[in-house]
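A.B. asks: Just need the whole structure built from these sequences, with the hints factored in.
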Amino acid sequence: MTSAPQPLVDARDVNVWFDLPDGRELHAVRGADVRVNSREKLGIVGESGCGKSTLLMALMGLLPATASVSGRIEVMGADLLAGGERAFRAHRWKDLAIVFQGAMNALNPVIRVQRQIVEALELHEVASGMAAVHRASDLVRLVGLPEGVLRKFNHELSGGMRQRVSLAMALACDPRVLLADEPTTALDMMVAAQVLALIDRLTRELDLALVLVTHDLPLVTRTCDRIQVMYAGTVVESGTPADIYHQPQHPYTRLLFAATADVHSDGPDPVTILGAPPRLDQVVPGCAFEPRCPHSQARCATDVPQPQSAGKGRSWACHYPGEST
Amino acid sequence: MSATTTLASVAAPTSQPTRPRRLLASVRRRPAAVAGATILATFVILALVGPLLTPYGVHQRVGEVYAHPSAAHPLGLDDAGVDMLTLLIAGTRVSLFVGFAASVVSVIVGGSIGVLAGYAGGWVDGALMRLTDYMIVVPALPLMIVVATVWGPSVVHMVLVIGLLMWTSTARLLRAQVLSLRERASVRRARAIGCGHWRIAFRHIVPEVYGLLGATTVLTVSVAIFYEAALSFLGLGDPGTVSWGRLIEMAFERTAISSGAWWAIVPPGVCVALVVLGSSLLGNALQDAANPRAAIAHVSPRTFRVRAERGDRR
Amino acid sequence: MPAALAFLLRRVAVAVVTVFVAVSANFFLFRAVPGDAASVVKVPGMTAEQRQQIRAEFGLDKPLPNQYLSYLRQLTHGNLGISFENRKPVAANLAEAVVNTMPMVVVGTLIALVIGFATGLFGAWRRGTAVDAAGLGTALAFYAMPAQWLALMLILLTNGLFPSGGMSDVFLVDADFWTMMRDRIAHLLLPALTFGLASYGQYAVIIRSSMLETLGEDYVLTARAKGFSNWAVVRRHALRNAMLPITTLIALSLGTLMAGAILIETVFSWPGVGLAIYGAVRARDYPMLQGAFLLLTCSVILCNLLADTLYLRLDPRIRTA
Amino acid sequence: MTDDQRELLRIENVVTAYGRGAGVRAVDDVSLTLRKGELLAVIGESGSGKSTLALTALRLLEPRSGRVFFGGEDITHATQRALKPTRRRMQVVFQDPYESLDRRFRVRQIIEEPLLVHGLGANRAERLERVHAALERTGLSPAPLFANRFPHQLSGGQRQRVAIAASLVLEPELLIADEPVSMLDVSARAGVLSLLDGLRRDGDMAVLMITHDLAVAAHYADRIAVMYLGRVVEEGPAHKVVRSPVHPYTRALLSVVPPKDPLAPFHPQLLEGEIPPLTAVPAGCRFASRCPDVAPVCATVDPPLMDIGGRHSVACTRATRQAATPAHQGAAE
Amino acid sequence: SERASDGVLRIGDTGSTISTLNPFVASNVFELAIFRYVYPHLVQYGTGSEIEGDFASSYDASADGLTWTFHTRPGAKWSDGKDLTAEDAAWTFQQILAHKDGPTARLASYLQHVTKVEAGGKDELTVTLDAPLATALSQISQVPILPRQVWQEPLSGDASQLKNFTNDAPLVSGGSFILTDQKKGAFALFKANSNFYGRKPKLKGFGLQFFGSADAMVTVLRQGQIDVAYDVPATAAKTLKAEPSLDLLTTSGMDEDFLIFNSSSGQRAHPELLEPKVREAFHLAIDRKKLVDVVTLGMGAAATSVIPPSLAPWYDPATGAEGLDVASANSILDGLGFARGSDGIRIANGHPMAYELLQPTGLTGHDRVVDLVRADLAAIGVKVTPKIVDGDAFGQLLVTPSEKAPSYDLAMDDWVSKRDPDFMLSLFTCAQIGNRNEGAYCSQDYEALYNQQATTLDSGARRDAVVKAQQFLDKEKPWIPQFANPNIIAVNKKVKGFNGSPFVIDHTSRHQIDDVRLG
Ligand SMILES: Nc1ncnc2c1ncn2[C@@H]1O[C@H](COP(=O)(O)OP(=O)(O)OP(=O)(O)O)[C@@H](O)[C@H]1O
Ligand SMILES: Nc1ncnc2c1ncn2[C@@H]1O[C@H](COP(=O)(O)OP(=O)(O)OP(=O)(O)O)[C@@H](O)[C@H]1O
Ligand SMILES: [Mg+2]
Ligand SMILES: [Mg+2]
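Residue numbers (my numbering), protein chains in the order written: chain A, 246 to 570; chain B, 633 to 946; chain C, 4 to 324; chain D, 711 to 1043; chain E, 1226 to 1744.
No lab work stands behind these hints, which were simulated from the structure alone. Just so we're clear, the structure is a prediction, and the values are computed from it rather than from any experiment. Check each hint, because a few of them may be wrong.
As the list claims (entries may be wrong) - Below 25 Å or equal to it, Euclidean Cα-Cα: the simulated DMTMM-like pairs (lysine to aspartate or glutamate) are:
| # | chain 1 | residue 1 | chain 2 | residue 2 |
| --- | --- | --- | --- | --- |
| 1 | D | K794 | D | E836 |
| 2 | A | K557 | A | D514 |
| 3 | A | K397 | C | D221 |
| 4 | A | K397 | C | D318 |
| 5 | E | K1408 | B | E885 |
As the list claims (entries may be wrong) - Over the 10 Å line for every Cβ pair with chain D, so calculated as not near, a few chain A residues:
| # | residue |
| --- | --- |
| 6 | R269 |
| 7 | S283 |
| 8 | E319 |
| 9 | D433 |
| 10 | E450 |
| 11 | L462 |
| 12 | D548 |
Note that CB positions come from ideal geometry on N, CA and C, so glycine has one too.
C.D. replies: Shown next, in the form of structure tokens:
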């Protein structure tokens, strides 16, 4: 028995730059760490454009040719960044499967659902022929859909059904980690709740690890074991939902909660976080949150705060943690 | 309220250039567009200052029939001993004029029909689109030949014939654009404010399609120049003028090939090809810029690069 | 499948309306031109009575609505009228021209499709590389060349290696099959090549851009995430979607093909539809022109309909929904 | 002030359909009343007809049947020309702040346009003054700094404020906001919402707000109307609808919204199945197919919206078994 | 080796094509040429401008010139074996006359003065005229004799089916060749007719191939795939001359370019243009040598009379001989009091001497002619603005029936002379107004001169009459002759006995092919 189980995904100090058409670079992910242990459910939250999707793409090695990456990305102990496309491909879907943001178009519109599930099974030699077809129908039943959807095309399915099919497809090869990029934003509240409950159930039943990316704070705190809050390409705080909610260390985390209304209790008015996130195509000299931070001090504008770890996955990157009004 | 003052101080982090300048910038960023614009500009300048460049007349016999290129006549002489360079430059004026004028005519016609159909909708749209359908299926060049034959050859007729018969793609493009613009929230808002049709059409919809109109105009130039060359080649050009199409025709009619006089055939064709190329390059770039589609490809033999350098952390 | 049927029926209805518009426009277009048959059929020393007689012969003395009705009636019997020029049925003249044009257009289009697909696919695949730029540049350059000029260039370059006039050596009679065949092919080579080169550019550009657009779709990313290699993604997922716009393009390009055909046929004295139209214009042979226009418009409409049907097979989104 | 005098917008049995013939009845027999200074939130799943209802109220769509009153005046079939003076009194803010502002207009022009259309403001200077005033009111201060910008030079929240300012210059009595914050980041939402809230509190302006976000509705609205498949199934004071929902659909919706505190109890009550398509509306109760509480009667009886007291009405056979009066008749308390 | 071309003369041409084989419809040169070889004719032209016998081996006229008797060759046969006799000829002529106001109008125009045609047995034919006619034989030489077995059907009744009778190849032939295959606009192939009544042609056959472009024709000629090329453009002459295997036969042709005045009495806008003195000034101002030089590359000839120089026996070299003389031209106009305005354009009758010049499309090189003429006339203070119209429209504008005055000022056109001068001279008769009389010129004095040459049977006396008519036209100048286009034929050296005279294949003689051998 090993004492410290090896993490399934261990990405350290990941940086992603995009080449812009005018020759400049956009630094989309700035030294982010992602570590997912077996059966762990990790949530990543942050405002739009803070690099959540880019980080996931980097983990899958699916970044476009205009991107460049640095850091270290290990999946089940293999250093993928060093191995290149071939190394990534060896782990895609078998170990890391993904449900994309806006999965409305994740299915090929001219190929039937069945074929799209079966082709993944055949590629990874999980099953083939009739066996693959049987497995496909098992999968759609698993996500709560009638078998009939196997013979349907993308456009014949509703948003919720598409999301479920995407999920079934992702589960086809028994992956170890499921990455889900905002799987519910395009959906109605009720359908979103259904899909989320489904993901929750399946990860438990199938012993999956989950990385759930979203900007819905209450949702992610409900679902996940550990939360990473991202801001401008950086992970500014991470910890368990209770840590994050009850003892937020970074002012951004605190403000994010304060900006959210609660239907179940009459709290104070939600607040606005003034200003907008910094442009990622420019160098930010100090703390990226400094211009919007109500507690910023001189040092914040010049020094980049380094992440401070408090063990057990708890960390934050702020010069003046815990400060509050 | 203290919130508002701070709001101003951190506001507008995204200060981008204004639209026309952005359009220009995005054109400047595309090498193809720059090449296209350069080609067109060169020919326009040539057309303007051309007559100053050669000392000969377009009907002046200056030497042997199909004389080889020489220092005095860098492009040789044609079938009547006229300096080819002089003819080519004279042709530039006529061909460019026909090209641009015809495309303006077609864009005016097509633009009006497209905008009207898209905005008015209902039976107006139906009728105009049936007309467009017909104009699309009717073979354009034969129809142009018939009309040009009936009207008689002249530059103005050529402009009208071409312009009036090739507006269909403009009309369709604009109709589609207007249809989607009409459903746009900004237009809905204008209606909710109480704006009249005129105001909505001319303040909110038409200006939105200027970019597209410009792009189609440039694109249509290439088609117009093509048709000019074709009609002239078929003997329907104005015999009183010199155009590239007529030069090709004359070379063909007057045995330039069997005389080995490549210099009488190659240059006018190259000019047509260059201008057509130039305007399609520029036009396509303008169209892309006016109507940007995501320029991503998820599949490419190249992949992202791995960098050794670390981020600005630690 | 009622949705598919409805789609098809709607298309057929539009096509029928367009055909009717074309038929009528055809009739009135050629009545609207100045001068009529009587001024066209050249009989030296023609008297007013003779002129009148010719008008009667072609039914030009009747009121316009009557002419129109009888025109429609004749059409329903497949009768396109009699050519002013050679007094043969227009349909027969046209049939001969079509038979002649076919080999050139078909072989030319095949050449264009092969080169166009190769350039377009390779360009999209190697997007942004020098090879892509060169391929696209060449395609655009060929697209930009006037067909008639390209034809002349080919003649100039091949320098008499291949025949450049007519469909065959007319003095080659009673020759054996292979000699005839060789002669035919030799004659076909330059016109078909011109046709192919002049039209491949637009295919290449469209194929490249539709391929690129497809490659940017989410499902392509999904396929890659599944672990497929790049080429497998293209083959399994991108190609078929990219085919969709190309189908329409090929159907629609038939109309513009005619422009190329006229010019190329003129250069190579190829006795096809293009030359027939051009000759009919010169001779003011209105029945012939009318017939040719009808033939061309209807075949474009038909091709569009065909493309729609093909679309129906290729794109399930139309079949249902 | 009597109720009738306070009433601003009244929608009576409105049916709005898309397409020819009978069409798709996106709004099917809906009645609502909005009073001066009131904020009414309309919630419901996608496709339930919220936007259609808003467009009908604005008379950007003409209802097939039913009537629309604005300020006591019947505008159901008024022509666009006749509507012009009314348009001034009701304004709209759309969901997408990127799309709803004309990209080529400067902020000043966007806000000035309504003044020009309605011939308000004697001259340029006066109009500019009003533009600045509107900007200041929406918190875009100092106004001259923003007036000359283009929309793309503003953040999403700022754009939405500009859209609101462009409505405010006309000093409307009603503002219809169709999902005004759903495209905005959490960080910017509260600002826009509290702006709307403030405007109606001190300006006596009524707001009809469409939203997906129950928490938002609960926090800001006076009244909430819940729509399902073209119908209003529950309508009442916000605190009543949120704290003691009656319709099973409302109850389910509320249950699936997690509380902010991760440790607070959370028992989502998931509904099975999907909303039936508008083209195949079931006979009987429209919600019956997904209702956790379904009774045999629901398959046949289509329950009307009935008042269950306290200006709270519900369309559910079970909830209204004690039978109150039909809602829109009992509106007068 | 498989080429069936041994002993077959292969001729190429551009432009003209064959679109019908029906002689009642046909009008273009090559269509008429086909009938010349395929159908018997009573008489034909020799190699010059003299008439000789053909199917009629001899013929004579009565003293009053009203009755012509033709003695046809006995024992002749059609290619289908049926007898070919004078009765066939009589039947053909009678049918043409019977429907002369209808479907046979085209051929009937050659029999205008014929009142009666009768067969006197199998081998004799008499033709009766209503007036003595100098051109009687020339006219009769144009009429083909048709096989009755073929034409009986279409000529029956009111002959209304005649126009639509396609007469497809292979035709029943009575001439020296049989048409074996023909394709519209492409080619026509002939083989020698073994049944032919006359001197057998030396060729096994011949073929006409039509090229869309001169370039294609010249290329094929140089490669030896055709033996003769007609209508070679002047621009190709240099290249072909350098070719050792080819002979280039160049003559100034029968085709002249004219500047045409609107001479109609209804032309009131510019009365000065009706003035012969003004026309004289125009004539003096035009530099013919330059036209020949630039337009025909020096291969044509300056034209001085309406009869082209190549029609030697009838052409009068003295007519219109005065050359370029701008000074005289100017002084004529000065003398008329047409002073120059500030822009250099003369004022005549209160109007500037600025005229519209109609020009038809489709005449090769015409734009250059117009340009040179414009420059020449500008030198004498006359401004000319060209207006180009489609060939058909041009014809209609120029030959408007007399009651409607044509509305143009000047026009430019070319005319191909026939072998008899009557044709060119007839263009100026009042009767041709509304038909071929471009310019609507009409003068009683000229009518008298024209009629005299038309009815003078003695050839010497007729020549004098023809010269007088030419001189009269030169004085009046309804048209100003400009230049004669060259006639260039390229012939492979292996072709022997080819007649390169300006009377090219003009459908009035069979000699050009019948006499040829392939060496
Ligand atoms: N292919 C690309 N080229 C250039 N910039 C890119 C590209 N993809 C993303 N970006 C930029 O990188 C930054 C991070 O984008 P990303 O999509 O990862 O954000 P996100 O957190 O997923 O946002 P959202 O919540 O809107 O999905 C953004 O500023 C975005 O504009
Ligand atoms: N222009 C239209 N033509 C036809 N049907 C329409 C149109 N607009 C909306 N619909 C249909 O009407 C129904 C109600 O649409 P509506 O936009 O009012 O819903 P909504 O509640 O606002 O939804 P969402 O939350 O997605 O905005 C839907 O089924 C929709 O498909
Ligand atoms: Mg994202
Ligand atoms: Mg909506």
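A.B. asks: Now look at each hint and say whether the structure bears it out.
C.D. replies: Okay, the hints, checked on the actual structure:
no., hint, in the structure
1, D:K794 x D:E836, "holds (22 Å)"
2, A:K557 x A:D514, "violated (33 Å)"
3, A:K397 x C:D221, "holds (18 Å)"
4, A:K397 x C:D318, "holds (13 Å)"
5, E:K1408 x B:E885, "holds (23 Å)"
6, R269, "holds (18 Å)"
7, S283, "holds (22 Å)"
8, E319, "holds (30 Å)"
9, D433, "violated (4 Å)"
10, E450, "holds (17 Å)"
11, L462, "violated (7 Å)"
12, D548, "holds (24 Å)"
This entry does not satisfy hints 2, 9 and 11, going by the numbered hints stated previously.
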